[in-house]
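What follows is the residue order along each chain.
Number of protein chains: 2
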Amino acid sequence: MIKIELDAEFKLSKPLPAEAKQDISAMLEEVNKELFKKGSKEDSEATHLREWKIVKDVLFLRLKSGGQVRAHDAVLRLRRPLAETIGKKYKCGIKSTTVKNIKIEIQLGEKPEKEISLPFVENINIVDDKAILILSELKDLELEKNYLTKIINRFLSKISAQKVHGKAETEKNVRKSEKRTDKYVFQKDPTQELIDLGWVREFPGAGIWTLMPPFTALLKAIQQLLIDEVLKPMGFDEVVLPRLIPLEIQRKKGQLGGIPEELFWVCPPAKRDPEYFEDYKDYVEITGECAPERLMEKLRPPMFGLAYAQCEAFYDFFNKEIIDASKLPFKFYDINGPTWRWEAGGLKGLERLNEFIRIEVVYAGLKEQTIKIRDEVLERSEKILDKIFDVEYRIDSCTPVYLEHAGATEEKGEEKEADFVKTYDMTAIIPFVTASKEETELEISSFHVHTDFYMKRFHAKEKNKKEVWTGCVGFGPSRWAYLFLLRHGLDYSKWPKEIKKYIGDKLPGVPEMVTWPKKKEGDEDNKK
Amino acid sequence: MIKIELDAEFKLSKPLPAEAKQDISAMLEEVNKELFKKGSKEDSEATHLREWKIVKDVLFLRLKSGGQVRAHDAVLRLRRPLAETIGKKYKCGIKSTTVKNIKIEIQLGEKPEKEISLPFVENINIVDDKAILILSELKDLELEKNYLTKIINRFLSKISAQKVHGKAETEKNVRKSEKRTDKYVFQKDPTQELIDLGWVREFPGAGIWTLMPPFTALLKAIQQLLIDEVLKPMGFDEVVLPRLIPLEIQRKKGQLGGIPEELFWVCPPAKRDPEYFEDYKDYVEITGECAPERLMEKLRPPMFGLAYAQCEAFYDFFNKEIIDASKLPFKFYDINGPTWRWEAGGLKGLERLNEFIRIEVVYAGLKEQTIKIRDEVLERSEKILDKIFDVEYRIDSCTPVYLEHAGATEEKGEEKEADFVKTYDMTAIIPFVTASKEETELEISSFHVHTDFYMKRFHAKEKNKKEVWTGCVGFGPSRWAYLFLLRHGLDYSKWPKEIKKYIGDKLPGVPEMVTWPKKKEGDEDNKK
Numbered sequence: 001m002i003k004i005e006l007d008a009e010f011k012l013s014k015p016l017p018a019e020a021k022q023d024i025s026a027m028l029e030e031v032n033k034e035l036f037k038k039g040s041k042e043d044s045e046a047t048h049l050r051e052w053k054i055v056k057d058v059l060f061l062r063l064k065s066g067g068q069v070r071a072h073d074a075v076l077r078l079r080r081p082l083a084e085t086i087g088k089k090y091k092c093g094i095k096s097t098t099v100k101n102i103k104i105e106i107q108l109g110e111k112p113e114k115e116i117s118l119p120f121v122e123n124i125n126i127v128d129d130k131a132i133l134i135l136s137e138l139k140d141l142e143l144e145k146n147y148l149t150k151i152i153n154r155f156l157s158k159i160s161a162q163k164v165h166g167k168a169e170t171e172k173n174v175r176k177s178e179k180r181t182d183k184y185v186f187q188k189d190p191t192q193e194l195i196d197l198g199w200v201r202e203f204p205g206a207g208i209w210t211l212m213p214p215f216t217a218l219l220k221a222i223q224q225l226l227i228d229e230v231l232k233p234m235g236f237d238e239v240v241l242p243r244l245i246p247l248e249i250q251r252k253k254g255q256l257g258g259i260p261e262e263l264f265w266v267c268p269p270a271k272r273d274p275e276y277f278e279d280y281k282d283y284v285e286i287t288g289e290c291a292p293e294r295l296m297e298k299l300r301p302p303m304f305g306l307a308y309a310q311c312e313a314f315y316d317f318f319n320k321e322i323i324d325a326s327k328l329p330f331k332f333y334d335i336n337g338p339t340w341r342w343e344a345g346g347l348k349g350l351e352r353l354n355e356f357i358r359i360e361v362v363y364a365g366l367k368e369q370t371i372k373i374r375d376e377v378l379e380r381s382e383k384i385l386d387k388i389f390d391v392e393y394r395i396d397s398c399t400p401v402y403l404e405h406a407g408a409t410e411e412k413g414e415e416k417e418a419d420f421v422k423t424y425d426m427t428a429i430i431p432f433v434t435a436s437k438e439e440t441e442l443e444i445s446s447f448h449v450h451t452d453f454y455m456k457r458f459h460a461k462e463k464n465k466k467e468v469w470t471g472c473v474g475f476g477p478s479r480w481a482y483l484f485l486l487r488h489g490l491d492y493s494k495w496p497k498e499i500k501k502y503i504g505d506k507l508p509g510v511p512e513m514v515t516w517p518k519k520k521e522g523d524e525d526n527k528k
Numbered sequence: 001m002i003k004i005e006l007d008a009e010f011k012l013s014k015p016l017p018a019e020a021k022q023d024i025s026a027m028l029e030e031v032n033k034e035l036f037k038k039g040s041k042e043d044s045e046a047t048h049l050r051e052w053k054i055v056k057d058v059l060f061l062r063l064k065s066g067g068q069v070r071a072h073d074a075v076l077r078l079r080r081p082l083a084e085t086i087g088k089k090y091k092c093g094i095k096s097t098t099v100k101n102i103k104i105e106i107q108l109g110e111k112p113e114k115e116i117s118l119p120f121v122e123n124i125n126i127v128d129d130k131a132i133l134i135l136s137e138l139k140d141l142e143l144e145k146n147y148l149t150k151i152i153n154r155f156l157s158k159i160s161a162q163k164v165h166g167k168a169e170t171e172k173n174v175r176k177s178e179k180r181t182d183k184y185v186f187q188k189d190p191t192q193e194l195i196d197l198g199w200v201r202e203f204p205g206a207g208i209w210t211l212m213p214p215f216t217a218l219l220k221a222i223q224q225l226l227i228d229e230v231l232k233p234m235g236f237d238e239v240v241l242p243r244l245i246p247l248e249i250q251r252k253k254g255q256l257g258g259i260p261e262e263l264f265w266v267c268p269p270a271k272r273d274p275e276y277f278e279d280y281k282d283y284v285e286i287t288g289e290c291a292p293e294r295l296m297e298k299l300r301p302p303m304f305g306l307a308y309a310q311c312e313a314f315y316d317f318f319n320k321e322i323i324d325a326s327k328l329p330f331k332f333y334d335i336n337g338p339t340w341r342w343e344a345g346g347l348k349g350l351e352r353l354n355e356f357i358r359i360e361v362v363y364a365g366l367k368e369q370t371i372k373i374r375d376e377v378l379e380r381s382e383k384i385l386d387k388i389f390d391v392e393y394r395i396d397s398c399t400p401v402y403l404e405h406a407g408a409t410e411e412k413g414e415e416k417e418a419d420f421v422k423t424y425d426m427t428a429i430i431p432f433v434t435a436s437k438e439e440t441e442l443e444i445s446s447f448h449v450h451t452d453f454y455m456k457r458f459h460a461k462e463k464n465k466k467e468v469w470t471g472c473v474g475f476g477p478s479r480w481a482y483l484f485l486l487r488h489g490l491d492y493s494k495w496p497k498e499i500k501k502y503i504g505d506k507l508p509g510v511p512e513m514v515t516w517p518k519k520k521e522g523d524e525d526n527k528k
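As you go down the protein sequences, you meet chains A and B in turn. For the first sequence, the residue numbers in our numbering are 1 to 528. For the second sequence, the residue numbers in our numbering are 1 to 528.
The set of hints was computed from the structure by calculation and includes no laboratory data. Check the hints yourself; a few may be wrong.
Which copy is meant is left open, so a pair is good if it fits within one copy or across any two.
With a straight-line Cα cutoff of 35 Å, these simulated DSBU-like cross-link-like pairs (lysine-lysine) come out [as the list claims (entries may be wrong)]:
no.	residue 1	residue 2
1	Lys298	Lys271
2	Lys506	Lys456
3	Lys320	Lys437
4	Lys465	Lys519
5	Lys327	Lys271
6	Lys327	Lys494
7	Lys331	Lys220
8	Lys465	Lys520
9	Lys500	Lys220
10	Lys506	Lys95
11	Lys41	Lys139
12	Lys232	Lys501
13	Lys367	Lys518
14	Lys506	Lys183
15	Lys500	Lys327
16	Lys232	Lys220
17	Lys158	Lys465
18	Lys281	Lys95
19	Lys220	Lys372
A quick note: this is a predicted structure, and the numbers were derived from the prediction, not measured.
Work out the full structure, taking the sequences as your base and the hints as a guide.
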């Protein structure tokens, strides 16, 4: 339950003559009966005019409302009849609209666990299950852009996020393979072994790896297997999705306001001018230091976030477009390079990276189409995992991660009613605790149906107002490759033929230097 | 010709007794005869002690030198005999070493065109062809890291860069194809046509494009053709080279001190903590604004530059390693996604992008191996351009761009003596002026031999001290695809079979919406 009290001030283009007061009084009486109530079922939920006066060129109002016709919306509704009343007859206009001394009272289900703060809100006072928000002023565009309602919604979603946070993850197993971890060639993390043999090489401490020929060959084979067995037969076409995602698209996707702490942000130079950077260059060349702080001073604020989900551009593709449902579904995949997630200190082995490769599979269609596509992608790729990889795994239904990426607060309450699963996770079971997380498993893919969540965020419509849904699947071939090596080891002759057919008679070798790799092919010790 | 004058101060760990003066005097006399002269052919090029004194715990010296044993190096040379003289007998050590009142006189070939500034240098005074640099102080590590010599070198290379800048580009045609531009299906820029047909779609104003199925199919076909006809037969293996390049590797490669104004810089969040970003997120969600300045306040200084040359990690691969020449050559290629160049306002059509795809080909070997590999890659890819693409082109030998990327100042004078070409450019001739540059041509690939330039920068050695060279070739398949469309047009039935064999019977279509693309397959107008 919401109660709002505020003062509104309309600054006029000039002082009105005394007689105008009569006209305004009549108009306000009318508005207070009609426009301030329209759309509200109960009188207490609408807006009520409590007082008003005109002083020189300013019209002051004191308003009070419930939550259905909110006082700030009433202020905006008032602008047209006010302009009509003073326009023709007195040649007077409205110069600006301000609301002041805003007090919002909200009845909560329960007392929140933590303090809450919000921009524009001067004070939030919570006593038991009642919250009072005080704002001093909002003006013109801030009113038109509906800040006040967004502030109330943000406040409420922060409270419910606190609750969600307390709950256990809503993960539910759907099915699992037989036990198989005793078949795995590696019973412990092979990352060090792969480093010693030169299959991979890390940039110092960066969670970013160069993949050398044998590992690359495996990764590309897995990629091609997924394309040939999953995507091509289902009619997916390849597209090239960009990796530098403008801030505005990050915002619409929800990542800017949702998880900015997990993205890498990209700043171009403030000027594309060699001389502008000259002192910095001199400093670098003379001292041999990188001086990142000095570099930062010469950069523009971020223009892009590095692609986090890989599918960002797919949603932007629908931006403000009108869709014809008869042309659906659309089915694409992208393998145009890596995506990035800032894992900070959480990096250890090859299983968790700041920069990693994925096949991103995206689709749009009517509800049934979208669910069917997702289910078939899952089914086909599960078959590869089961029959060719021959690893232990499970499929779970779980919290849709795409909601978390957008702040985790949308679509409350919907979960229970759904007649379908939004997200399936595919998790491989491994015979040791990973270096980066205390667990003996590795999520290797997830399979999503987003409902019309992104279509709404990107303002796409269907021409007959049908609901268009989207979905995506992220395959992580570098994790698949890591998993494959756990199970099948490094002896190429023992790898399954379905993978070898993409590589040929021989696995490409590692270039040898005197000092690298640590273990050479000669002093072999590969078969564990 | 260089003359240096400076004062040196050795701060000792305690005042010395009067008798020590005798010992120091003897030592200094000896040093001034031997150590200050060693390595210099002429006396005037060595260092000379002019005055000295001890006051309490500080030893003062006044030195003067030419350019061979430079005064600041002499100061460092003095540390050991000084420590020996005062250590055992007086139990005294050196606490710090400082040089002050540094005056460097340099005889120039000619007067520089523009003013020059340098960090640490307080004043640069140039009269005719003589420059005097004044520095007030350098201390300990700054001396050990040889700042003064680097400052002198930087000064000299800035002067010679001014001269190079004035010259015309040293481009020389090697060979060219017959005239063919009248065969081109497009006689004007097809970018708008490709947009209207939905083959490509740009992020608003960003020089970053989503490539839709038909364009992607062409691009991938060209990529595969290059791999099959050029790289595989030559024994190149695929590797995955990272795209987030740490600042230190950018520095070693030369791009940090060379062309920081052309790179995108990547800043991670200052904390990977949702609460740290909470006020920013609230602001974004309530106002609908991206507020890049606010975001920037929450970021760390840049940790990475986005890959500019794509081969950065290849050189780092050799970092401080010892190579065995008998294992050479090494031959790799990478197609792990796009690279990035900040083109600022220079963006117009599909021919110039901020984010673009390349096949990067890298190799290392002895001199002859490296040149031979580069020449064969050129020869094989030229054949494709000539026979399959059937476009007009020319091959030029020209200024090695990799030197420009590292500041353009290394290896002066070498150019003339070379018995080989460092860089070939492959340039296609087109029948119209491009949107981004006033020219009727398009560079589509370049072919480099770097000599041991990068091996030195990354401190790699060969075990028998042989010189190891590197080289690289960048193929831009998106430019190749653009060029292909100019020549062969959009009618798939008329494309050469060597490309079609990678695509199949039908070119994949464009997804259709009511509002996009502007031109549908139905209202065809494709054949120009």
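A quick look at each hint next to the structure:
Both within a single protomer and between protomers do Lys298 and Lys271 lie at most 35 Å apart by alpha-carbon distance, with minima of 8 Å and 22 Å respectively. In this homomeric assembly, Lys506 and Lys456 come within 35 Å of each other (Cα to Cα) only across copies, at 34 Å, whereas the closest approach inside a single copy is 50 Å. Taking identical chains as interchangeable, the C-alpha atoms of Lys320 and Lys437 lie at most 35 Å apart only when they sit on different chains, with a minimum of 33 Å there against 41 Å within one chain. Taking the shortest Cα distances, Lys465 and Lys519 sit within 35 Å of each other only across copies (23 Å), while inside one copy they are farther apart (63 Å).
For the homomeric pair Lys327 and Lys271, neither the shortest alpha-carbon distance inside one copy (45 Å) nor that between copies (45 Å) is at most 35 Å. Taking identical chains as interchangeable, the C-alpha atoms of Lys327 and Lys494 lie at most 35 Å apart only when they sit on different chains, with a minimum of 27 Å there against 46 Å within one chain. Taking identical chains as interchangeable, the C-alpha atoms of Lys331 and Lys220 lie at most 35 Å apart whether they share a chain (22 Å) or sit on different chains (18 Å). Taking the shortest alpha-carbon separations for Lys465 and Lys520, only the inter-copy value of 22 Å comes in at or below 35 Å, while the best intra-copy value is 64 Å.
When the C-alpha separation of Lys500 and Lys220 is checked against a cutoff of 35 Å, the pair qualifies both within a copy, at 11 Å, and between copies, at 23 Å. In the homo-oligomer, the alpha carbons of Lys506 and Lys95 never lie at most 35 Å apart, since the shortest distance is 78 Å inside one protomer and 61 Å across protomers. Within a single copy, Lys41 and Lys139 get their C-alpha atoms as close as 28 Å, which meets the 35 Å cut-off; across copies the closest is 80 Å, which misses it. When the C-alpha separation of Lys232 and Lys501 is checked against a cutoff of 35 Å, the pair qualifies both within a copy, at 18 Å, and between copies, at 17 Å.
For the homomeric pair Lys367 and Lys518, the shortest alpha-carbon distance between copies (27 Å) is at most 35 Å, but the shortest distance inside one copy (54 Å) is not. Within a single copy, Lys506 and Lys183 get their C-alpha atoms as close as 24 Å, which meets the 35 Å cut-off; across copies the closest is 44 Å, which misses it. With identical chains, the CA atoms of Lys500 and Lys327 are at most 35 Å apart between copies only, with a shortest distance of 26 Å across copies and 39 Å within one. For the identical chains of this complex, Lys232 and Lys220 are neighbours both inside a copy (16 Å) and across copies (15 Å), given an alpha-carbon limit of 35 Å.
With identical chains, the CA atoms of Lys158 and Lys465 are at most 35 Å apart within one copy only, with a shortest distance of 32 Å there and 65 Å across copies. For the homomeric pair Lys281 and Lys95, the shortest alpha-carbon distance between copies (32 Å) is at most 35 Å, but the shortest distance inside one copy (52 Å) is not. For the homomeric pair Lys220 and Lys372, the shortest alpha-carbon distances inside one copy (27 Å) and between copies (29 Å) are both at most 35 Å.
When each numbered hint is compared with the structure, violations occur for hints 5 and 10.
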